[in-house]
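J.: Sequence:
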Amino acid sequence: FGGRAGSAAGSMVPPPQMVVLPEQMVGQDGSINVPFVGHVLVSGHDPAWIERTITQGLEGKANQPQVLVRVMRNTTATVTVVGEVSANIRMPLTAQGERLLDALAAAGGAKQPVDKTTLQITRGNVVQSLPLETIIRDPAQNIQLKSGDVITAIYKPLSFTVLGATGKNEEMAFEVQGISLAQAMARAGGLDDTRADAKAIFIFRFEDKDALQWKNPPMTTPEGKVPVIYQVDLKDPGSFFVAQGFPMDDKDVMYISNSPGAEVNKFISIMVNASAPRGGCGHPRNIVACEPC
282 FGGRAGSAAG SMVPPPQMVV LPEQMVGQDG SINVPFVGHV LVSGHDPAWI ERTITQGLEG
342 KANQPQVLVR VMRNTTATVT VVGEVSANIR MPLTAQGERL LDALAAAGGA KQPVDKTTLQ
402 ITRGNVVQSL PLETIIRDPA QNIQLKSGDV ITAIYKPLSF TVLGATGKNE EMAFEVQGIS
462 LAQAMARAGG LDDTRADAKA IFIFRFEDKD ALQWKNPPMT TPEGKVPVIY QVDLKDPGSF
522 FVAQGFPMDD KDVMYISNSP GAEVNKFISI MVNASAPRGG CGHPRNIVAC EPC
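The sequence shown stops at residue 574 when you use our numbering, and every number in between is there.
Worth flagging that the hints you see were computed from the coordinates, not collected in a lab. Any given hint could turn out to be false.
Using 25 Å as the maximum straight-line C-alpha spacing, the simulated DSS-like pairs for lysine-lysine come out as follows [to be verified]:
#  : residue 1 : residue 2
1  : 516       : 449
2  : 506       : 437
3  : 437       : 480
4  : 427       : 480
5  : 437       : 532
6  : 449       : 480
7  : 496       : 506
8  : 490       : 506
9  : 449       : 532
10 : 392       : 449
Model the full assembly from the supplied sequences, consistent with the hints where possible.
T.: Now the structure itself:
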């Protein structure tokens, strides 16, 4: 900072003198010590506010004081970025107000695909998670960071298992932003027209104890989860709207039961094969591929 000397008639005005102070370390009480001003509380304030405060403190002690404040290093207000990123870092916060995506960029970005990455932010005792794709798509979710925040990039493949009368019986992965029951059934190849019972589509899931209202206290697992079975009847056209709004959870099991007619047909087929006349080879004689006995 410096001050401009006053002028008098017939005298030359000397140039203003600039005084550069050494770097000031912010103390544990959030203040710095400025000559002729004393302790100035700077924690939580931007450089412009600090400049005005020091300038006011120098009034009457320096002629037309001008003050310039610059943050050299920020070693106290930092956030930590870990997990599935290119480099785990501690990033200093500045007066610009860094946000979630700023911290992710400073860490070199996510190593995994965007649609399979979740960002978890820990602030004090509160932990919140959100798909990275959602944060990119919705700027309102790109929140401003605070000192001490911990951002963790998590690669957590989500999946559900399909069993029963569908086009596929297998475990299927889905994106972190989630899919609906209708999408899950479509990815499984839909219901088998010859076997599936459209009234008997079941979703097996472990729910949180507080997720639903219970008439009686439910039985829980050691982890505090409640086993729940949801049933969907696609014979009811309104169920298709329900299926579009019903989100699949990680590790869900979807089972499509066989129709009663399919079970009867299976039984008849077994009986017909058992009662068919057989040759000496043991094969039914009405099987075209049978060799002559």
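J.: For every hint, state whether the structure bears it out.
T.: Verification of the supplied hints:
At most 25 Å may separate the alpha-carbon atoms for a hinted pair to count; residue 516 and residue 449 meet this at roughly 21 Å. Distance check on the hinted pair: residue 506 and residue 437 sit about 20 Å apart at the alpha-carbon level, within 25 Å; holds. With a CA separation close to 33 Å, the supplied pair residue 437 and residue 480 exceeds the 25 Å bound. For the suggested pair residue 427 and residue 480, the alpha carbons sit about 51 Å apart, so the restraint of at most 25 Å is broken.
Note on residue 437 and residue 532: the hinted pairing holds, with a Cα-Cα distance of about 12 Å set against a maximum of 25 Å. For the hint linking residue 449 to residue 480, the alpha-carbon distance of about 19 Å falls within 25 Å, and the restraint holds. About 17 Å separates the Cα atoms of residue 496 and residue 506, which keeps this hinted pair within 25 Å; it holds. Of the pairs offered as hints, the one joining residue 490 and residue 506 holds, with about 6 Å between alpha carbons and a cut-off of 25 Å not exceeded.
A C-alpha spacing of about 17 Å is found between residue 449 and residue 532, which places the hinted pair at or below 25 Å, so the restraint holds. Pair hint residue 392 plus residue 449 does not hold up; C-alpha atoms about 31 Å apart against a cutoff of 25 Å.
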